[in-house]
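Undergrad: First to last, the protein sequences are chains A and B. If you're matching positions, the first sequence starts at 1 in my numbering and goes up one per residue. If you're matching positions, the second sequence starts at 1 in my numbering and goes up one per residue.
Hints are computed from structural coordinates only; laboratory data are not their basis. Warning: the hint list may mix true and false statements.
Keeping only pairs whose Cα atoms sit at most 30 Å apart, straight-line, the calculated DSSO-like set for lysine-lysine is [to be verified]:
1) A/Lys28 / B/Lys203
2) B/Lys471 / A/Lys471
3) B/Lys25 / A/Lys416
4) B/Lys347 / A/Lys347
5) B/Lys215 / A/Lys277
6) B/Lys103 / A/Lys415
7) B/Lys390 / A/Lys108
8) A/Lys409 / B/Lys277
9) B/Lys348 / A/Lys368
10) A/Lys348 / B/Lys416
11) A/Lys472 / B/Lys472
12) A/Lys345 / A/Lys28
13) B/Lys390 / A/Lys348
14) A/Lys415 / B/Lys348
15) A/Lys103 / B/Lys277
16) B/Lys416 / A/Lys277
17) A/Lys114 / B/Lys415
18) B/Lys419 / A/Lys108
19) B/Lys409 / A/Lys409
20) B/Lys409 / A/Lys390
21) B/Lys347 / A/Lys415
22) B/Lys103 / A/Lys409
23) A/Lys263 / B/Lys444
24) A/Lys416 / B/Lys263
25) B/Lys103 / A/Lys114
26) A/Lys108 / B/Lys108
27) B/Lys409 / A/Lys108
28) A/Lys108 / B/Lys348
29) A/Lys409 / B/Lys108
30) B/Lys348 / A/Lys416
31) B/Lys471 / A/Lys108
32) B/Lys471 / A/Lys103
33) A/Lys347 / B/Lys203
34) B/Lys409 / A/Lys472
35) B/Lys200 / A/Lys419
36) B/Lys472 / A/Lys263
37) A/Lys409 / B/Lys415
38) A/Lys263 / B/Lys419
39) A/Lys108 / B/Lys449
2 protein chains.
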Amino acid sequence: MADKAQIQAAIKVQGEVVRKLKAEKANKEQIDEEVAKLLELKAQLGGDEGKHQFVLKTAKETLTGKYGEDSKLIYDLKDQGGELLSLRYDLTVPFARYLAMNKITNIKRYHIAKVYRRDNPAMTRGRYREFYQCDFDIAGQYDPMIPDAECLKIVHEILSELELGDFRIKVNDRRILDGMFAVCGVPDEKFRTICSTVDKLDKMAWEDVKNEMVKDKGLSEEVADQIGNYVSMQGGMDLAERLLQDPKLSQSKQACAGLMDMKQLFSYLELFQVTDKVVFDLSLARGLDYYTGIIYEAVLMQTLPAPTPTSQEQNGAVGEDAGVSVGSVAGGGRYDGLVGMFDPKGKKVPCVGVSIGIERIFSIMEQKAEASAEKVRTTETQVLVASAQKNLLEERLRLTAELWNAGIKAEVMYKKNPKLLSQLQHCEETGIPLVAILGEQELKDGVVKLRTVATREEADVSRAELVNEIKKRTSES
Amino acid sequence: MADKAQIQAAIKVQGEVVRKLKAEKANKEQIDEEVAKLLELKAQLGGDEGKHQFVLKTAKETLTGKYGEDSKLIYDLKDQGGELLSLRYDLTVPFARYLAMNKITNIKRYHIAKVYRRDNPAMTRGRYREFYQCDFDIAGQYDPMIPDAECLKIVHEILSELELGDFRIKVNDRRILDGMFAVCGVPDEKFRTICSTVDKLDKMAWEDVKNEMVKDKGLSEEVADQIGNYVSMQGGMDLAERLLQDPKLSQSKQACAGLMDMKQLFSYLELFQVTDKVVFDLSLARGLDYYTGIIYEAVLMQTLPAPTPTSQEQNGAVGEDAGVSVGSVAGGGRYDGLVGMFDPKGKKVPCVGVSIGIERIFSIMEQKAEASAEKVRTTETQVLVASAQKNLLEERLRLTAELWNAGIKAEVMYKKNPKLLSQLQHCEETGIPLVAILGEQELKDGVVKLRTVATREEADVSRAELVNEIKKRTSES
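Start from the sequences, fold in the hints, and give me the full structure.
TA: Have a look at this one:
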């Protein structure tokens, strides 16, 4: 964000613009637009630090100051009015803005939509600049850790049901991290930047992380080593209990608050039967600025073969995750302050949520399907309406409409006289399980020959019974 | 599109840029980027008019020359590289581009996504600058009018099942329009612009449309009147047959081809039982350039109360549809040339599709729901897990997890000790039909008190039977 003096200077200039337009009796629309800009500048100046005021537009300003060092990945654009706009970076900030604009204090919802990052894409691992996210969030003032535990249960359920192989859900708490930094002797103003460095531990060795802390970010070796000691710890409720007794860490009130909540969380996770995959991991740091409490990240344990880097990737962040696991497929945490940043009065709505990387997950599922040579059915069609002889297009269309009207997913080939063989082949290729075959004889007898593609069995079914028979056969399979 | 001389000049300059970079041994990425620009310019120059060549990027150039006079509604943006980009105007052009890029000659799919128009929004009637479209398209070389008839059947089915009131689907054919313009004496180069004017007949009186043809577009009164005679005609298969006998129109080969297909179409529509709502209407013109055959548009007959125009609308296109019907809710047609425009060799893939204005439809459904004071259920939750006494949070969470694991949509309040009354009220407000109530006694007896919210009936159900009982009760309702 611009500093105070800059904003005050801009307000002065903008005030002149408005006065001039009013003096010239310019048209109302133009004046309104300039007044809006003035109010926006004044709002930016706002009250104290914790109480930013925004004119609520889906604009660059909405995204500024929420993503920490990741902000460089925001896609900027200018609209025709010259305003600075950005493409949506994630679904969390827009969700918080939506709650504030509509004064919603209480909601649970999911949202699947596209987001954009100016990152180095890695197609082979399902990493693109434009990609879908799938978010689930619970907003509202509730008793501690209950919605948080539900989010973890949901991640556990999704990753288990999709059969993506073994996985872990790492959890930590922003307050434990901050408390740890404080007792290790990291200066307050360096918490966020050191947090970003810790966040790299899943991709870099401790030695390199330490190097960055000492050489780039100015920590003493001693402080870095103390951090290194803590961030190597992993466990469950037992670790939270042990750290509550830690002579150093227990001196931090906020670390203790985080550790008490962590214990509470694990007790709920036991009830939800998901502790087998959840690990309290002090190295988990997530780079985003908006988290205030629990944070978590799900990683798949399976390792993919190292892909050949493309020339584009060679120019970019090579080595970042070449040949290692697909890594994070979901992440999230608690962000109790974000909605308040968009509310004119700073009214807070506590939130906790999770973001599922569905494109990464899809890319893994596709690779699995390819590897297993399993045939993926590409259609939901239950039955193809076919004919054995020529000149039966009209009869085929009539029967197709009958089936559609009865709620059957039916298909017909768009040819006047398709060969029976090509109709049957179409079913085999696309995985349509049934064929309803019409011929002169069948029409005379008021029946349809119903064929099961897999077994090639055929049986005459009366026209009146056809819908029920198709429903019966497709519900069995 | 820029003219040939401009492009040739640009190619010369760009050639110099590339040569200079190569001489300087600039980095590969930079050279590649400039070479790509050069190739793009050369592609624009391309071969003959009907065989445009594009470097396939999702950029402004993709959208240029596809939308006729509607092009002014395209949102332009610049990316950080300074390239001219646009926001997606519809889903048809991106679909055609996708087919060409992936060499797909055969597909049937739907797509729901956002599109953007720099139009005057009219919130009260569900018209926004950013809105969802829902498209269904059939691509491939097939026998005439079969996929076209299926598209109309789908529109008929959607509008019937949503119970939006009476509707009509107007159909016409670009070839009939062009033939009509030709036999009326409209010069070739004015077909498209006169087509745009005819397209306004659903919003303007004939007198005003004629005025525009004569005063703005330079037709003679006589020519305009001849057009006026045709565009007042409406009918079904009978009209197609009559026009095939029309001494003037039957002189146009392309009009006859269109009329023959129209007859064919109506014969299929009869088999699909949808002729009650489909009208062959010669005034239907749709402004977009890419249609080559049949075109159609669905309109609701119901009239909404005239909303009070907002100040924003007053500045804009007031009167355009103030107090009239909500108008078009779906439209589409055949576009056999569009895919070929994106293919390097101009290879054509015939397509027909329909676009459903889902936000308009939603806005109508919401107004209907409000008017009928019908309670809309806001959740899919089948059962709330509740407790009658204090200190049962853990038991509630345990039961909730049991139900989730069995595939039941269950919810639990995120409070340690919620009052039973507030739990029951939550169900009434959100429409959750069942409550599973736990108490000390129920836990001792191994049962759950299952309450039906609507009737307030309660019955003890054994824990082992609970999942089946919930499934049974929710499938009944």
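Undergrad: Going through the numbered hints above, which ones does this structure break? Give me the numbers in ascending order.
TA: 3, 4, 5, 9, 15, 17, 20, 26, 28, 32, 33, 35, 36 and 37
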